[in-house]
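Just need the whole structure built from these sequences, with the hints factored in.
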Amino acid sequence: MRTMFVWMAGCLIGLASLPAAIASGWNMPVGVTEISREIYSLHMIIFWICVAIGVVVFGVMFYSLFKFRHSRGAKSANFHENTTVEVIWTAVPLLILVGMAVPATATLKKMYDTSDAELDVMIVGQQFRWRYEYLGEDVAFTSSMSTPMAQVRGEEEKGEHYLLEVDNPLVLPINRKVRFLMTSDDVIHSWWVPDFAVKQDTIPGFINENWTRIDEPGIYRGQCAELCGMNHGFMPIVVHAMEEDDFDAWLVERREEAEQEAMGVDRDWEMDELMERGEGVYASVCASCHQDVGQGSPPVFPALAGNQQLLDDPAWHLDVIINGVSGAAMPAFRSTLNPVEIAAVTTWTRNAWGNDTGDVVQPAEVAEELAQ
Amino acid sequence: MAPKLPPHHPVEQSTSAVAGGNAAAHPEPPRGILRWLLTTNHKEIGSLYLIFSLIMFFIGGIFALVVRAELFQPGMSLIRPEFFNQMTTMHGLIMVFAAVMPAFTGLANWMIPLQIGAPDMALPRLNNFSFWLLPVAFILLLSTLLMPGGGPNFGWTFYAPLSTTYAPPSTTFFILSLHIAGISSILGAINIVATILNMRAPGMRMMDMPLFVWTWLITAFLLIAVMPVLAGVITMMLMDINFGTHFFNAAGGGDPVLFQHLFWFFGHPEVYIMILPAFGIVSAIIPTFARKPLFGYASMVYATASIAILSFLVWAHHMFVVGLPLAAELFFMYTTMLIAVPTGVKVFNWITTLFRGSISFEPPMLFALAFVVLFTIGGLSGVMLAIAPADFQYHDTYFVVAHFHYVLVPGAVFAIMAGVYYWLPKWTGHYPNVKLAQWHFWLSVVGVNLTFFPMHFSGLAGMPRRIPDYALQFADFNLVSSLGSFLFGASQLVFVAVVILCVRGGEKAPAKAWEGAVDLEWSVPSPAPLHTFETPPTFQRQQH
Amino acid sequence: MWGVIKSVLAAFFGVQKEQRRREDFEQGKPLAFIVVGLVMGLLFVVGVAAVAITVAR
Chain A
0 MRTMFVWMAG CLIGLASLPA AIASGWNMPV GVTEISREIY SLHMIIFWIC VAIGVVVFGV
60 MFYSLFKFRH SRGAKSANFH ENTTVEVIWT AVPLLILVGM AVPATATLKK MYDTSDAELD
120 VMIVGQQFRW RYEYLGEDVA FTSSMSTPMA QVRGEEEKGE HYLLEVDNPL VLPINRKVRF
180 LMTSDDVIHS WWVPDFAVKQ DTIPGFINEN WTRIDEPGIY RGQCAELCGM NHGFMPIVVH
240 AMEEDDFDAW LVERREEAEQ EAMGVDRDWE MDELMERGEG VYASVCASCH QDVGQGSPPV
300 FPALAGNQQL LDDPAWHLDV IINGVSGAAM PAFRSTLNPV EIAAVTTWTR NAWGNDTGDV
360 VQPAEVAEEL AQ
Chain B
0 MAPKLPPHHP VEQSTSAVAG GNAAAHPEPP RGILRWLLTT NHKEIGSLYL IFSLIMFFIG
60 GIFALVVRAE LFQPGMSLIR PEFFNQMTTM HGLIMVFAAV MPAFTGLANW MIPLQIGAPD
120 MALPRLNNFS FWLLPVAFIL LLSTLLMPGG GPNFGWTFYA PLSTTYAPPS TTFFILSLHI
180 AGISSILGAI NIVATILNMR APGMRMMDMP LFVWTWLITA FLLIAVMPVL AGVITMMLMD
240 INFGTHFFNA AGGGDPVLFQ HLFWFFGHPE VYIMILPAFG IVSAIIPTFA RKPLFGYASM
300 VYATASIAIL SFLVWAHHMF VVGLPLAAEL FFMYTTMLIA VPTGVKVFNW ITTLFRGSIS
360 FEPPMLFALA FVVLFTIGGL SGVMLAIAPA DFQYHDTYFV VAHFHYVLVP GAVFAIMAGV
420 YYWLPKWTGH YPNVKLAQWH FWLSVVGVNL TFFPMHFSGL AGMPRRIPDY ALQFADFNLV
480 SSLGSFLFGA SQLVFVAVVI LCVRGGEKAP AKAWEGAVDL EWSVPSPAPL HTFETPPTFQ
540 RQQH
Chain C
0 MWGVIKSVLA AFFGVQKEQR RREDFEQGKP LAFIVVGLVM GLLFVVGVAA VAITVAR
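Chains as they are written, first to last, in numbering that gives the first Met the number 0: chain A, 0 to 371; chain B, 0 to 543; chain C, 0 to 56.
Be careful, since some hints might not be right.
Said to hold, decoys possible - Looking from chain B toward chain A, a few residues come up when the C-beta cut is under 8 Å (computed):
1. P123
2. N127
3. F242
4. F294
5. S298
6. L459
Claimed, not checked - The calculated DSS-like cross-link candidates involving lysine-lysine, where the alpha carbons are at most 25 Å apart (straight line), are:
7. C:K5 / C:K16
8. A:K74 / B:K511
9. B:K434 / B:K511
10. A:K109 / A:K176
11. C:K28 / C:K5
12. A:K66 / B:K434
Said to hold, decoys possible - According to the in silico footprint, chain C covers these stretches of chain B (three or more CB under 8 Å from chain C):
13. 319-331
14. 510-523
Bear in mind the hints are in silico, worked out from the structure with no lab data behind them.
These numbers were taken from a predicted model, which means no experiment stands behind them.
Cβ coordinates follow ideal geometry from the N, Cα and C atoms, glycine included.
Printed below as a string of structure tokens:
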């Protein structure tokens, strides 16, 4: 018996030291949107209700355990029913729950109101990156994790934003209602930024809607929340929220870049240029499945380095990149990459890691292929 | 009392009683391995189930420890992400289908006939078949880890199309093994229903049955209702993978969300399948060691039935972020919140049973009390998760992992251990070693809380579940969780030691091993002979 | 009939007087309870759905 109370006291001290240790970063973020603040307050209300229930229930329980011990000579009573008490403890929780359901319903209705958006952004989940399209603005890009795999493997020191940094962050304006249209090219992913309290599954064949209106400029980070395969842990989300003017200027700049790129399709590219560009595209788009030196992860993600079919059949190789492989994990890059990028990454994969075919694929050839 | 009441003794029970009139009428059982392969005795089959479940508990536990070892610190240090996904998936599948469910079936096999005064299960050969399907199913499932491309890596919820178009080739074997395990569960459930409805001792009405029998009866109906749904959904996967159908393939006009509806229509009752028998065990142990009748027996039965019925109406609370229409979201939020009411009633009843009792703290009681406290914590975080808007933040984070491990580990698993400590004297004739059992208890309690409590914080702070590597701000929580899990895992070796020592010897237990125990199983000798209640006992009604 | 409905409601709420329960078991017809139980179960689902749909408007 004594040992039991020593143990129990130890546990209690352990539990009691918890709140003392609680700092920020132990709780849900309050966030930077109206919805995220409402959800935070719902969370805290229900949390304190649960704490109160816990204190009462465990209080009675531990009082009974202490007071009515056999070893202290307690004699047991024999009651086993009391309709009044039973009615009370069924009705009271019911009322508490109704009390919780009312504000929860109100918040949920706001979250579902996607009307009157000032900007539409299409979010497409892909194994294992995000694609963002600013609808009606001719701006679209892919966003992949930029943390080097060497940090993951422990060969380099881990940076401050380890696993939560990307090459191209999603840029959004503050104070504008942004509607997200979400879908997926392959499996189900889930786009989650805790500071906006936006979490929505991206599902192939479905378009889900959600929205946000950010109050403060800043950089906000999140992750894919739905298991989507091998590199589920390595598809972060970074949102760069800007003042409205800055955002408009950024949008114009991106649009001009895209136009310049389109003009580059017709000229003849040097192999070195394509290789340099291709290495970047590969790292951003292909490496998450086919791995950083093309070794793949068979059988679902085949190796590219030394792949005999790839080496023997350039036309097939280009076709797979453009149209994907139906019924397998390889997606079609027809609409996600532009002709220059496709040409560059094809050239790179045909010449990197000892593949050394010497083949050069020109953007113009790709454009022709795409037109068919 | 009333002549119109249920007992159906005249025909069914007298035949079995006559058949087993004396021990000499039983043929000598075969020896060695054949005895166990061919046994139709409910006690031997119960033991087989329990031993199988314990082995699987350790295998599933080792998978969990591999996961925790990888998550011990940031960075991929031990295994590759592909293998990590296989470990989380296998851990979940093994623990749900091969550890917790068979453990409850084992307890049911041993105790239901003893608690209702029946000589055996209603369908003994079927009983043998149901058990021997299990090793087949799970050896097949475990063997997928050695196949090219590895075993299932899509989580125990195996959402399509990750588990169909994008799955490893071994998925077909995974489907087959789940089918076999499902058949085993359905047959076991049918057997339990048949036993409870037909073989109660003369004079025992439904409302006289111990709660473990009641909760298992309701659980068995749940199993019969939902296991075919699971079988259906995995058959659709099989067709998608091998026969070119497009049930879940959006490119072919299929619907990935349909998969989730079907899965959770099975999956939510399934989680109650894993907890209702636990309620029954705890409802037997607490009155025994409080030396006071269970408070609110009838409302316990009602609450169990309510939970079971509501479990069919709440499945989409697992899908709050898949983009359901607003009205559906509200419907499932309301029904989910309602489940808190009957569950709360149960907790209040247990605590009122303790109130003004005469309480002692034998090992089964320690586990039962820890169950009440820690299961309640899991239940309260469940209420938080039911609030749909807040679930947009909680969903698929470690907060959910913390929640369901609180209801399953110190919930279901502690209840199973409480049941084992409670009934070991009846099974072996010896009391378990108290000192070792106390060590097992306290190490488990500390281990389980160290493992799962920090997960609430890492989840709220933004750590998604099922990731093999994490950002640096989650490092401290994960370190504590990993250390706790090693402690919890190691302390289960103490449990094995207690069980083995208890089988081999120890303080002799009388027929009524615990002072406050009242049910029928305590009227047969300890250890219970191979054949009991060959003549039906006369049932003395107590006050319920 | 009203007695059966009241007993089923009590079962839904989870609390019933021991005396009433005994009477139900001694005098009631099981089929009546099953039918009323199913109908009221259906009404419950329709009721919650109706609330959800109205609120969602």
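Going down the list of hints, with the structure as the test:
At its closest, the beta carbon of P123 (chain B) sits 36 Å from a beta carbon of chain A; the interface hint therefore is violated under the 8 Å criterion. Among the interface hints, the one on N127 (chain B) is violated; its C-beta lies about 38 Å from the nearest C-beta in chain A, farther than the 8 Å criterion. Because the closest C-beta pair between F242 (chain B) and chain A is about 13 Å apart, greater than 8 Å, the hint is violated. Using the Cβ-Cβ criterion of 8 Å, the hint placing F294 (chain B) at the interface with chain A is satisfied: the shortest such distance is roughly 5 Å.
At its closest, the beta carbon of S298 (chain B) sits 6 Å from a beta carbon of chain A; the interface hint therefore holds under the 8 Å criterion. With 8 Å as the threshold, the beta carbon of L459 (chain B) comes within range of chain A, its nearest partner Cβ sitting at about 5 Å, so the hint holds. With a C-alpha separation of about 12 Å, the suggested pairing of K5 (chain C) with K16 (chain C) holds against the 25 Å cut-off. Proximity of K74 (chain A) to K511 (chain B) is assessed by CA-CA distance (about 20 Å); at most 25 Å being required, the pair is judged to hold.
A distance of roughly 22 Å separates the Cα atoms of K434 (chain B) and K511 (chain B); the hinted pair therefore holds under the 25 Å criterion. Between K109 (chain A) and K176 (chain A) the alpha-carbon distance is near 13 Å, which keeps this suggested pair within the 25 Å criterion. For the hint linking K28 (chain C) to K5 (chain C), the alpha-carbon distance of about 14 Å falls within 25 Å, and the restraint holds. Straight-line distance between C-alpha atoms of K66 (chain A) and K434 (chain B) comes to about 24 Å, which keeps the hinted pair within the 25 Å bound.
Only when three residues or more bring their CB closer than 8 Å to a CB of chain C does the claim for the stretch 319-331 of chain B stand; here the count is 6, and the claim holds. Residue count for the stretch 510-523 of chain B with a Cβ under 8 Å from a Cβ of chain C: 0. That is fewer than the three needed, and the coverage hint is violated.
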